[in-house]
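Read top to bottom, the protein sequences are chains A and B.
Per our numbering, residue 1 is the first one in the first sequence, and the count goes up by one each step.
Per our numbering, residue 1001 is the first one in the second sequence, and the count goes up by one each step.
Where hints are given, some of them may not hold.
Said to hold, decoys possible - Heads up, simulated DSBU-like pairs for lysine-lysine below, C-alpha to C-alpha not over 30 angstroms straight-line:
| # | chain 1 | residue 1 | chain 2 | residue 2 |
| --- | --- | --- | --- | --- |
| 1 | B | 1078 | B | 1368 |
| 2 | B | 1545 | A | 38 |
| 3 | B | 1368 | B | 1390 |
| 4 | B | 1571 | A | 38 |
| 5 | A | 38 | B | 1635 |
| 6 | A | 38 | A | 124 |
| 7 | B | 1368 | B | 1474 |
| 8 | B | 1474 | A | 38 |
| 9 | B | 1078 | B | 1481 |
| 10 | A | 38 | A | 11 |
| 11 | B | 1390 | A | 38 |
| 12 | B | 1481 | B | 1527 |
| 13 | B | 1635 | B | 1545 |
| 14 | B | 1368 | B | 1529 |
| 15 | B | 1203 | B | 1228 |
| 16 | B | 1597 | B | 1571 |
| 17 | A | 100 | A | 38 |
| 18 | A | 38 | B | 1529 |
Quick caveat, the hints were computed from the structure, so don't treat them as lab data.
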Amino acid sequence: MEEELKVIVFKLGTEEYGIEVDKVQTIERMMPITRVPKTLSFVKGVINLRGVVIPVIDLRGRFSLAETEYTDQTRIVIVGVDDMQVGFIVDSANDVIDIKSSSIDTPPEVVGGVKARYLRGVAKLDDGRLLIMLNLNEVLNKSEIVQLESVEG
Amino acid sequence: MDMNQYLSMFIDESNDHLQSLNENMLQLEANPEDLGIVQVIFRSAHTLKGMAATMGFEDLASLTHKMENVLDMVRNEKLKMQDYIFDTMFKSLDALETMVQDITGGGEGKADVSSIVASLQAIESGEWTGGSAPVAKVDKQTNSSISNAVELDEFQYSVLDQSIAEGHRVFYVDVLVSEHSQLKGVRAYMVFDMLERSGEVVKAYPSVQDIEQEKFERSFSLYYITTKEAQELEKGIMSISEIESVKLIQLDQETLQQMTNQAAAAVAVEAAPAPEVGKDTPVLDSKPQEEGKAAPAKAATPKQAAAPSRTIRVDIERLDVLMNLFSELLIDRSRLEQLASETGNNDLSDTVAHLSRVSTDLQNIVLKLRMVPVDTVFNRFPRMIRDLAKTLDKKIDLVITGAETELDRTVIDEIGDPLVHLLRNAVDHGVESISERVAAGKPEMGTVNLRAFHSGNHVFIEIEDDGKGIYRDKLLQTAIKRGVVTEEQGAKMSDDEVNQLLFAPGFSTADKISDISGRGVGLDVVKSKITSLGGNVTITSTPGKGTNFSVQLPLTLSIIAAMLVRLGSEKYAVPLSSIVETAIVQREQVRNIHGNKMITFRESLIPYLSLSEVFGVPDFNDADEKETEIVVIRKGERLAAVAVEEFIGQSEIVLKSMGTYLPAIEGISGATILGDGQVALILDPNAFIK
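Chain B on its own, in the form it takes in the complex (with noise of 0.2 angstroms):
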């Protein structure tokens, strides 16, 4: 049975429940007398064991079976929740996901959690409370209007009985249908078929006929006497196609008892989620036994009874490919629409016209099948920002607003190391300690806004916090001392190029070096990432008040709107998002101002770039012409007028890499395709305002 194809499923789900741990442990902490919140977390751990065992990941499966031990005894309250036992608990987390990103990266999910196997079990075993001892037997009230087993009547269950007393196997099988299956009710009987080689099936939920007509979801149950071993039924099941997953519980008397106990309490009972317990071990003890009845069913607190979602997992790969191939006809599309004008056949250009028109929307919908929400990216944030606050000794409230903005995958993928890095800051940097906090006459507890929102092509996230703000005489001294200014320079600077200056590289504020926010080598690369992401990030600070970073980002990378211009031979792309107007000007209105080339636009002067000059364009020189064409592009307030010798107009174009050979040219972001097939430069604006 080859396992692979899963892999990538069962990493998907991990993360999941991972994240879903995470989210209710704190939400746990925050309430820790809510049992909801317990009976939640314990079912995806509970779930998160079963897989992990399923795909052969033992140490994780052991680690999670220990803190689902736990978890049981909070739900049962034998034990209450306390800090030492959340930070077990996180620590278990952690450990689970690195465990996770190690399969993720081919690993085999092996890790050192000797320690924090040994704190979970001292306080399993109630060392650490000095409480309560584990307990075997568990309230079966509490736990049976959640249980889904299958109802047995008398008759059945006196065969199951004998059987067992007879020395038979007697096992509770629960096998789940690949959800790509065409063929279930196919699967389903091959399953049949092959117990029925050896041994028996005593009863089958849903029933056997209801299963060969297809008409269940993607498990059944079934319990089944036979003289074979659990392992060797599990190699025969799993070694039919399409079966995704098995479980064997191997019953005695006193499980099937209580299995059936259970069944007859339960009030109308859904076949849907299947009970999950880890296949490598039949299990004898009631506990576990109790657990595994425990699975997903309706019977969750509100937030979990969701409507079942209509989507369906694609592989990011696949979105790439047609990505790519969507650039490719967008090329052709401008090829087709510079053939049709040329030709001059109507037609043929209404035909263009209305192959433009769908090829758009078209383009609208493959970008927003790239569009991810940000959510993705932030919902790891509340764990670490509780971590920090931990560490740090303050009390932070972590407020997300904007989660479901969604920007393109690309973007996501980058964005979250420099947030993380912006956060840390205004954990570390921003928000007062307790004691200062109080002094100021602020509440204690320190509030850090992460907002998310769109803005026409952008979208902004903003970190803020009520902390103690940026001083703009400690940053200008610090600036001054590590040499980022000089004094004068200092002087002469508005507070928003003061601000700036936590962007230089090697600059650090905080009077202690923090192993929390770097030691200054951080905010530099933030903003050189952010950059590069064709993205802006700008400070404004209020001292004593607090300090917002606002971080805009372009809603995706791939396709860009851009000005197409002509210098000589050569065209070039200038990207719509950086032009401010186009204009004309006469060559007397180039002033030479202090040895650089400045104009009068509206009002104030700005450089003028001769780009003929920055690029040695060979058969142009705007230095010849009597008027030039200019580009007014921008970069944050700054602006500077580029001259071109031909505006040719306004077109979506793709960018290409150019490949990893060539080193980093200053003034070149990319290259597209154009429609006539010749490759043209996309400027880089940022690069000619300095």
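Bound-form chain A, shown alone (with noise of 0.2 angstroms):
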């Protein structure tokens, strides 16, 4: 019996990512946000979510992009891992779907310029799109934001 997962998709400009749903709490419209000074430029601010504040950061920032100006389709996807709550602003999230764990590939070195230790895989969906699966743990790494911080500051 093959392993189903359910993924949320969600998009970056024309890219395709997916980011299994239980890993993620709630999707989020865009609603103000307060900025945190002196953090890194993709961080932009802490939200209030039903009385618990979350840090909420630009996807397109974290993975080099360009970040483009905030829309009607623009939400916040609020993921949890261990008892860390980040929310990420994605272009548009609009689709639950099931993908098989086997269709799952091995990222080739650069996915539309988002390195390769941030993904999990490529899925390939039966209508022959390509979905990128993301490796939250690596996303989130904290390690990499004290880096970054020291060599930016």
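Using the supplied hints, reconstruct the complex from the two chains, each of which is provided in its own coordinate frame.
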């Protein structure tokens, strides 16, 4: 019996990305963000999500892609890994699909400008679309932030 | 039978008992002749043993049992307390504590205590003292008065006696019903029902009628004849829900006689706390039987006879939940206040004003609920100081005052280690050795004062010793040697600043490094810990007279009063506790001195900080203004002016964590949610004054 994964699909530019549904707590429309000074440029600030203060990062910035204006389609995907909650700003998020775990291939070196270590793999969907599966632990890797910070600062 | 639900109760009570054991043991050490204290210790140890055995922690139970044996000899004057015995006892208590901690952490409470057990055994068997051997028979007269055995009449006695002779099993059964039980009578009836299916209840106390009408506290006792095994019975009884514990003591003719004798001698017996004996060991010889009867009855020392306390134990997590819920309420309150003032509806405003008053009262109560007396931290110190003084061969009197002062639980949880460190420091580096003290004309016994008291919105904890104090020159020398300051810097420093060097990283003034108070890696940790709690620590010292460490702590950490300020589109909260005052300054008053902006404030020059510059605020810059609002903040004695665009007002804010993802940001201590639902960052004034 093959393992099926439920995946939330969101877009950055033209690429489609996927995060396992159990890692995603909620998807929110854009809301006011309180800027946090003296942090990395892709950390957009903190939001009040029903009484909990959650940091929000721009996923485009995190992957060193060009940041764009926020639109009606812009969403904040709140993910939770261990006891850490973080919001990802993405261009849009509007699909939940099932994929077979066997359809995930190991990622090529660079996909859409995103470094391979942030990726778990690339899933080929039945209709031929490619879905980039994120490696959340790497995306949220804190030691890297600290390093980046020391380089920038 | 699921024991888990009793585990937390067991841990709580074990800790209580261990604490009282430690305290009483210390008292006993001061008055080794006072057998009254031995009784108290004995009872605590005994209860602990019973509980441990009930919960299946065999190691814990067996070690307590060994201690009990020794204590038993002491209280029956077969053995005199001596230093060696005290030390062994204290070691045993430490081992017990470790076990309980292990259990708290989810372990089995196992520990290797063979050496302690061997020492106890040696004491017990008289090998060490070379004195009396353990005596099985115990003088009944000494203990009969504290017995609460159920009195049997002649007929009942003979029935039991005959049953034993005929080879039936006779048990003395003690049942404790859960305190949460709503239907004690029903539970008791179920116990009787179960027992009567396989044997006969000869006598019950309180009477069967009283029990069924719920006229009993939580426990009842009975004599029971059966053919069944103790284990089987126990299992049967424990399978009835809401039965907290059951103790079965199998009786033989001799013990039966003893029990009845005692009961007869007992005066006005109370049914209250039941005798407790390890359940797994049907007790057959007379000595532990005697112990079994030595339960905490009213005959204890006056201290024990405290009125039943009108308190309940509440799970800390529930209080945290309450606190969180209240925080939510507070945020909604500010939102409502804002809406009411916008709409201008009088009825609405009145209602909201009332709501605000009620919630302010509620806030006080919720905060008070979380308050814990510092005694919960202080109580382990006497023991620690005793051990320390012994190791260092010093004589030290620890005087604790204000142990009833209350602090928020979160502060209490964090403050223990820093205090331990400061106390160790006082004992190790502060108080001199006996010979030095005598030479200096001081009493041999050094005194360490541990004081806690309220002052305004803060609690102060002071640790003061009457030791050698801090010598400026010596301290400076070391600091220079360690590269903490240069000679020139040192020469310019005030005495206070020199004292503060003790908290510099990598510092130790003791000539010899000892394992008591570390290698100088400690005091800086103490300082940063206290600072992280929003507190402060200062040192005052008189050379030759002693040193005083004063720790200032906030009353609570979760709700603080703050001033909200605005810079462009951004709002920040400044804790009120660090604000000295607010003012408006003209642009030309800001002077450039040696590249630093300064302003004159109350005849002194203080640094002027542009918050918009520090935080890179995009839509405001104070340099463009002709007049600038400033908030004067304080850290210790030093002041600084922080420029903002506008004061919004004062508000109670709820501290919220910013999550684990963001690294610590200098100048920001956390976040809060404002009435409009927006997040505002909380300034950390300490970071602005260096």
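Here's how the hints hold up against the structure:
no., hint, verdict
1, B:1078 - B:1368, "violated (49 angstroms)"
2, B:1545 - A:38, "violated (47 angstroms)"
3, B:1368 - B:1390, "violated (39 angstroms)"
4, B:1571 - A:38, "holds (16 angstroms)"
5, A:38 - B:1635, "holds (22 angstroms)"
6, A:38 - A:124, "violated (40 angstroms)"
7, B:1368 - B:1474, "violated (45 angstroms)"
8, B:1474 - A:38, "violated (41 angstroms)"
9, B:1078 - B:1481, "violated (59 angstroms)"
10, A:38 - A:11, "holds (28 angstroms)"
11, B:1390 - A:38, "violated (52 angstroms)"
12, B:1481 - B:1527, "holds (22 angstroms)"
13, B:1635 - B:1545, "holds (28 angstroms)"
14, B:1368 - B:1529, "holds (24 angstroms)"
15, B:1203 - B:1228, "holds (18 angstroms)"
16, B:1597 - B:1571, "holds (24 angstroms)"
17, A:100 - A:38, "violated (42 angstroms)"
18, A:38 - B:1529, "holds (24 angstroms)"
Hints 1, 2, 3, 6, 7, 8, 9, 11, 17 from the earlier list are contradicted by this structure; the remaining hints agree with it.
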